[in-house]
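2 protein chains.
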Amino acid sequence: MGRWEPDARGRMIKAALDLFAERGFEQTTAGDIAESAGVTERTFFRHFADKREVLFDGSATLERTACEAIRSAPAGLPPLDAALAGMAAGGDLLQERREHAVRRSLIVAATPALKERELLKLASMTEATTEALRERGAPQRDAALAAHSAVTVFSVAFVHWVSTPDAPGFAACVAETAAALRALM
Amino acid sequence: MGRWEPDARGRMIKAALDLFAERGFEQTTAGDIAESAGVTERTFFRHFADKREVLFDGSATLERTACEAIRSAPAGLPPLDAALAGMAAGGDLLQERREHAVRRSLIVAATPALKERELLKLASMTEATTEALRERGAPQRDAALAAHSAVTVFSVAFVHWVSTPDAPGFAACVAETAAALRALM
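Protein chains in written order, with this note's numbering: chain A, 109 to 293; chain B, 109 to 293.
Hints in this document: simulated from the structure, not taken from any laboratory. It is possible that part of the hints are untrue.
Claimed, not checked - Cut-off 30 Å, straight-line C-alpha distance, at most; resulting in silico cross-link-like pairs (DSS-like, lysine-lysine): (1) A:Lys122 with A:Lys223; (2) B:Lys229 with A:Lys223; (3) B:Lys122 with B:Lys223; (4) B:Lys122 with B:Lys229; (5) A:Lys223 with B:Lys223; (6) A:Lys229 with A:Lys122; (7) A:Lys229 with B:Lys229; (8) A:Lys122 with B:Lys122.
Here the structure is a predicted model, which means the values were calculated and not measured.
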């Protein structure tokens, strides 16, 4: 595809997934991804800080969506329920791109450098969730505990959702996982 | 101190804490730490993979202690309680070195590269805890949820414990934080 075509970003993301799956993450360079997407390496680095970031394109949107849902949850909703509403809203985004999410998760799970980056993104989501709960008036410790718990539910639900072909929708997996967590307490 | 003196490892750890606090982490090299501890750079790298690892000297012991406590907890104890017993046992180790833990935590909190490494160590503790709970017969999802929750309690209790001069012992902070988490559920 020529470099004048639209959606260079989308093409780079798709090319990266294809190349990482085919050759492995370590054996793929930013230049390979750019070439396969029909753009220059310079264009690649205008869009992404490094080749890892290509797989975390949706992280900021996911975090923003979750936090907006938390902020707009009914005022009386307890912190954990508000945080879980945020995770379910974030999950709806993933649901729209299930096939991409499944392919991506296999590559991340197989690559230590990507698992590290994923941990950092989850830590960022936990901090943002804590902050959103604080804005709703939750005390610091409750906000931190509810945020950590909600992100735990999100992560555990995610693993089930991507690894189970006939899994229910992501929001349903979040609800099921949250119920299992409450039962453990 | 000369290089023939014992406990080179302990001296390097102390020198690193002093230098990181004085000059900052980025401005301190492995060579600086070695020099200040009276050992060669080669000796430094025989003990530590990099200058970050100096601050994570106790991580493996902490993880092992927590997992041993989980494995030896009474057979009927539910997964979350067994996991929390592990965290309290790990906390006892920290209690013995409170001053070191407090100084160390200030440096970690101020240094993104160290916060990242800390996240990885906590992820490792979560995985090891999950595995220890699996060995006790907990199903995978319950084991993962209980492990994440226990490590969350550990982290939140830790922040309280290091930042509150008159905080109760670490094990008491773990119990208090666990009660707050159960109340949120």
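To see whether the hints hold, each was checked on the structure:
{"no.": "1", "hint": "A:Lys122 with A:Lys223", "verdict": "19 Å, holds"}
{"no.": "2", "hint": "B:Lys229 with A:Lys223", "verdict": "13 Å, holds"}
{"no.": "3", "hint": "B:Lys122 with B:Lys223", "verdict": "19 Å, holds"}
{"no.": "4", "hint": "B:Lys122 with B:Lys229", "verdict": "21 Å, holds"}
{"no.": "5", "hint": "A:Lys223 with B:Lys223", "verdict": "16 Å, holds"}
{"no.": "6", "hint": "A:Lys229 with A:Lys122", "verdict": "21 Å, holds"}
{"no.": "7", "hint": "A:Lys229 with B:Lys229", "verdict": "16 Å, holds"}
{"no.": "8", "hint": "A:Lys122 with B:Lys122", "verdict": "49 Å, violated"}
When the structure is compared with the earlier hints, a violation turns up for hint 8 alone.
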